[in-house]
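Q: Single-letter residue listing:
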Amino acid sequence: RKEVEQDPGPFNVPEGATVAFNCTYSNSASQSFFWYRQDCRKEPKLLMSVYSSGNEDGRFTAQLNRASQYISLLIRDSKLSDSATYLCVVPPNTGFQKLVFGTGTRLLVSP
Amino acid sequence: EAQVTQNPRYLITVTGKKLTVTCSQNMNHEYMSWYRQDPGLGLRQIYYSMNVEVTDKGDVPEGYKVSRKEKRNFPLILESPSPNQTSLYFCASSFNGLDTDTQYFGPGTRLTVL
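As you go down the protein sequences, you meet chains A and B in turn. Using this note's numbering, read the first sequence as starting at 40 and increasing by one per residue. Using this note's numbering, read the second sequence as starting at 52 and increasing by one per residue.
Careful, some of the hints might be misleading.
[Said to hold, decoys possible] As a list, the in silico DSBU-like pairs of lysine-lysine whose alpha-carbon atoms are at most 35 Å apart:
hint, chain 1, residue 1, chain 2, residue 2
1, B, Lys120, A, Lys81
2, A, Lys84, B, Lys122
3, B, Lys69, B, Lys122
4, A, Lys84, B, Lys116
5, A, Lys81, B, Lys68
6, A, Lys84, B, Lys108
7, B, Lys120, B, Lys68
8, A, Lys81, B, Lys122
9, B, Lys116, A, Lys41
10, A, Lys41, B, Lys69
11, A, Lys81, B, Lys69
12, B, Lys120, A, Lys84
[To be verified] From chain B, some residues computed to sit far from chain A (all C-beta separations above 10 Å):
hint, residue
13, Pro59
14, Leu62
15, Val65
16, Arg119
17, Ile128
18, Gln154
Please keep in mind that the hints were generated in silico from the structure rather than gathered at the bench. Every residue gets a Cβ at the ideal spot worked out from N, C-alpha and C, and that includes glycine.
Given these sequences and hints, build the entire structure.
A: Printed below as a string of structure tokens:
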């Protein structure tokens, strides 16, 4: 099993739709989780951090399911500007020394 | 403005010609790291540094060297580049490298080795 797995997509949704994608991880010791957003081969930028059961920031909600070892990202009322690749990041609970990135899920929001 | 800068942004070179990609951050971060990103493989860590003169290998260090003589700079050196090092490279930094830190990425360097 890969350390961090994501569905590569693309997820094609119309504007205004709600979309969710998951990220599964194998290291049960991990305590913190991150979603980064990456636009077309530009640098990743932090979208959300998840340290307990979940986190919400406007239209974005991240949830953690420790029992099943996955985190999810829910985007409500999708905007065209949400089109990007969303990277799941799972530190191994020993600091950032061996930070593990998922390969990303691509989202395309259409008019 | 707080930022991580990389130079050059684009580079085309030939096999065997030594090159250095510079990385600099102005946030007084202790932790710095280099990643390469390839289609279908995501970001993979090459080397990281927890502080000045402290560096360690990441997951794909072969063919690369780094140094951390100053806190703000973390250059990536390819002594003898090969075509399989053609990739998109990102430098990143964080305050002290803990799990709760946010990593800040540079704009990337697109390297092509012919």
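Q: For a quick check of understanding: which of the numbered hints are violated here, in increasing order?
A: Of the numbered hints, just 18 does not hold.
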